[in-house]
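2 protein chains.
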Amino acid sequence: MAVSDAQLANAIRALSMDAVEAANSGHPGMPMGMADVATVLFTKYLKYDPTDPHWPDRDRFVLSAGHGSMLIYSLLHLTGYARPTIEDIANFRQLGSPCAGHPENFELPGIECTTGPLGQGVAMAVGMAIAERHLNAEFGDALVDHRTWVIAGDGCLMEGVNHEAIGLAGHLGLGRLIVLWDDNKITIDGSTDLSTSEDIPARYRATGWHVVECDGHDTADIARAFDEALAETGKPTLVRCRTIIGKGAPNKGGSHKVHGSPLGADEVAATRAALVWESEPFVLPDDIRAAWAEAGRVAAVPHADWTARLESAGNGAEFTARMAGDFDLDAVAKVALDDIARGGAKVATRKSSELVLEKLTAAYPALVGGSADLTPSNNTQTKSTATAMTASDYSGRYVHYGIREFGMAAAMNGMALHGGIVPYGGTFLVFSDYARPAIRLAALQQARSIFVMTHDSIGLGEDGPTHQPVEHVTSLRLIPNLDVWRPCDSVETAEAWACAVARKDGPSLLALTRQNLRQVRKAGGENLSAKGGYRLRAATAERRVILIATGSEVEIALDVADALEADGIGADVVSMPCWSRFDAQSAAYRDDVLPPVAPEQVLRVSIEAGTTIGWERYTMVQGLRFGIDRFGASASADKLYDYFGLTAAKIAPQVKAALQG
Amino acid sequence: MAVSDAQLANAIRALSMDAVEAANSGHPGMPMGMADVATVLFTKYLKYDPTDPHWPDRDRFVLSAGHGSMLIYSLLHLTGYARPTIEDIANFRQLGSPCAGHPENFELPGIECTTGPLGQGVAMAVGMAIAERHLNAEFGDALVDHRTWVIAGDGCLMEGVNHEAIGLAGHLGLGRLIVLWDDNKITIDGSTDLSTSEDIPARYRATGWHVVECDGHDTADIARAFDEALAETGKPTLVRCRTIIGKGAPNKGGSHKVHGSPLGADEVAATRAALVWESEPFVLPDDIRAAWAEAGRVAAVPHADWTARLESAGNGAEFTARMAGDFDLDAVAKVALDDIARGGAKVATRKSSELVLEKLTAAYPALVGGSADLTPSNNTQTKSTATAMTASDYSGRYVHYGIREFGMAAAMNGMALHGGIVPYGGTFLVFSDYARPAIRLAALQQARSIFVMTHDSIGLGEDGPTHQPVEHVTSLRLIPNLDVWRPCDSVETAEAWACAVARKDGPSLLALTRQNLRQVRKAGGENLSAKGGYRLRAATAERRVILIATGSEVEIALDVADALEADGIGADVVSMPCWSRFDAQSAAYRDDVLPPVAPEQVLRVSIEAGTTIGWERYTMVQGLRFGIDRFGASASADKLYDYFGLTAAKIAPQVKAALQG
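As you go down the protein sequences, you meet chains A and B in turn. The first sequence begins at 1 in UniProt numbering and counts up one residue at a time. The second sequence begins at 1 in UniProt numbering and counts up one residue at a time.
Extracted from the complex, chain A is given alone in its bound form (with noise of 0.2 Å):
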């Protein structure tokens, strides 16, 4: 006898609540109630090969609504993943096993994005939907003609970033994205009426989207509206899918107690009974499990005619390097460095930047640039990616993510992740804010996006505290796996452009000034900046004093140590453009730019337009740290330097005083 659809579906529902239960912690109730519809989608759509999870033309799916984590462990493992097995199942939620709280793309494959804070799996895929858009229109439909596929809640549509990320995919008309809306009514306070009153299809239709719904519980209705899904091209499809949460607890189901905690052993076994499930927990029904894996194996002959083409394909192998993404730093640090050394005239850094740029982007067609609404503030836009990107022309390498900080990075991730692309896209150093939590969620998940982060201090002037990052450079210092440059003239941001490039394993944020620094670096040479800090300039007197500074502060920090040397005072300026890659170094390497001897021989002084707190790691509790720990205010630059202190007429005497102190 053929296995229904709703065996099928009660697989998932059986593992879910038994891991859910064996770990005594986690969300069974979303995992049951999408059972029917994801089993319609990884048997029935969804374009997918287990045996090759990083398949480049895959269909992507995305669980936006990661605390159902264990919808996606089961499909894996039902589906015939390598990973997880069913012990890693068995230990959901413990220490060691990939099935972790929620899902991470670093620990499984077929995991296409990390995900749990909410509303940015769709964002993401939203960027995944565009790479696949972008890399067709470079190499066709023979080798890229795949679908981004999202599971979300109704928190992932409440979250502020679904408005960034739909409206971006409705104007973009990204017709083979289609997102499935679990609509249960059910948020963690209880019924969805508690806080929202929207007519969410209204929302989407109003936003660009095609909207149709179904019977999430019936997998011919949920057929026939993935059909229809299919069949509309020119825009985004929500598909509202109406479900019970818990579907399958006879007493718990449909209420928000079945949420986020387990069933417990009675509603356990109550389940059990009414879906007539009889194996024990993390047991499989061998025609089940056969025809889970049967499911699993329907791409196979479509992955193999796409390896054909791949190998035919006067287009293939450019298109194998450029999904590999591998970019040799030397390589990038000389496209980089080329001509960039600008014979002494004064320049911003984010013009520094744009003149990098244009080298790089000429050089290297996976650079996608964007600009959340800033692009003649950013200096995001080259030549080389002068066309936008549109709905009715995807080829275009420029995005104009709108005012959207937040949506911007998250489809960054989400086109870093895809593969093919490695997106930069900028806005102000104080929105990271904004854009934050998708800053920490690239970092968690390895993905190479570059975020452009200009007007980074009060240096921006006029504009005044609202606008002047103080805390924000090591506020994002501390996030792991984030590498953040500080370059102090055009040639540390090509050092600093070059490493964020090559980079693989995260991401990079280039702080970026709006005034004009001197230069103060030659080209050529080493990539020093790759070290995170180094020695700039040596004390010609016996040293006295290290002065470690960072970005437009650095030329401070020379006009000081001439200051001090002028007396005799012996005094090394250190530029530290990445604390992280600074720390990374070998200890014989740190303690030569910052010997490691008591700061009544050597004082250390850091200088910094923003917070002090943190510089104590490099200057020593007995250093001296020249900032800013409170907010700004509006006025030019030059007067706001003088008014913080910040200049070396200020900052010298103080320096002297501490040694004669």
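Derived by calculation from the structure, the hints in this document are not laboratory data. Warning: the hint list may mix true and false statements.
Below, simulated DSBU-like cross-link-like pairs (lysine-lysine); rule was C-alpha separation at most 30 Å, straight line [said to hold, decoys possible]:
#1 A:K504 - A:K531
#2 B:K257 - A:K346
#3 A:K257 - B:K257
#4 A:K650 - A:K522
Covered stretches of chain A (chain B as the covering partner; in silico rule of three or more C-beta atoms under 8 Å from a C-beta of chain B) [stated by the list, open to error]:
#5 100-112
#6 166-177
#7 206-213
#8 428-437
#9 474-485
#10 539-552
These numbers were taken from a predicted model, which means no experiment stands behind them. For each residue, glycine too, the CB sits at the ideal point set by N, CA and C.
Since chain A is already given, all that's left is putting chain B on it; use the hints.
Using the frame of chain A, we list chain B on its own:
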């Protein structure tokens, strides 16, 4: 001859373009484009009294598109506020002028909130409108009967927080909220067509809003639209004002060139000619000045009537005290500490917080609670706040904010700035990232918002790295004027709450545990937490070590101290629940807690389940720092603390080794 509306509006245009020109910096386009709409609002609709900017029953006006700051500076000056003077305006964007780059509530009475970071003005206005309805429900029409008006641009509508804000406003049926949308079809990158295709009126309607449209340069049509807005009392209204950006500038008007740059001398001259505006810069014709002044006096009689009602009302004194918002720290502490001693029972600080809130919400009706759909996890609802606010009854003291962290935080800021309410709201600490732009703006604006952030470390356990804060506590400490609390038990939680409620000049954030903690303090006596850090336990043997910890790690520090003292090594334990408060103490106090002696004499050790960066400030570089400088993992809290080395068994030997080394 009567002064025409056009002449009134041209006064705004002239002041705006001249101020931007003098500063050689600023945004003339919006003030010139919205001058006609603003003129109708400030001469015929808005209820305000320049002689008493803090009149509690004034309409609130929010310039959400804060870059158009010259619009509000012009209006405040023209209608007769004491400041800005014409000299202040002539010094627009200069050091010391209250006319900052963007409007700042702490600079000028009449500015209700600080705007510029896009989207937040609308969201704060939603909070103000909530505050108005709630206080109306409590104090009646005689004392509380005003509206909230907003001017917003395309940027404000495109930001994600707009979705959250309007969703909440629509759900709560805030019929006294009116948003004037400056529909000029221009963003910084160019036409709005570059990045959006949304049908904004349809989206607002789908979200429960009333939408009307008008020609934003036809004052009769504007008034007609305003009348339609006033007639709709059950829904908030969006007034779509079709405008030309930079209206009046004959060559640059209607283009993005007029958005954020001075017009330039030639275009200023051409504009003067086109507007037939013959006065010198910063000079106003007497008749126009008089007409504006007359408009500014329109509410004098209603204000007097209101004052009479206040004086005769039985609840007038209560209302005045409520709006004054004074809380005595000792009194609050007494309430909060009363009965909090838990007899040694282990309890999570999120639960301690609930116990404290039970007392505080019973004692202080100004406290209005809420959560971004994590009520059962944040423990934010009490008996006194058991009733939620709804569209049909605003008297409830709890807001189900929905899955809208950013919108919640911004709305809280609006409620706090409105006055009469001390808002507190909860989410998971990791999602402070979502709300961060509003947390920063709370600090800048000196708004008494209290953020209740639970699940504050790896101690939340199985939800894993997406949900485990690592960098958050310290990254929030970097925000100027934000008190970040991480209490270690029920007593410290009560003390932190007392400080947060009593504080008038800024926001507070409580980082609270999911997991149960030992009680380390006894109730009663001085509020020790108010000092930010204090010696919790003194060494019994000769002091060789000072262990500094916060929150859930204080009990670990006590265990480490036990282990050291058992070996005859004297160890102080310092609890440091609030860095900013500790840093504000006298040097004598700080030196008593952390004596400035050489590390060889007394080794300082920090223990906190988060990033170690920054702790050098207290441990000195030579001290030890136990923390987590990477992302977390999924497992039970106990297993994770062991895995990350944060147990007394793992820390004590390292401290001993350091003492011997």
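| request: Would you pick out the hints that fail for this structure and give their numbers low to high? | output: Violated hints (numbers, rising): 3, 10; every other hint is consistent with the structure.
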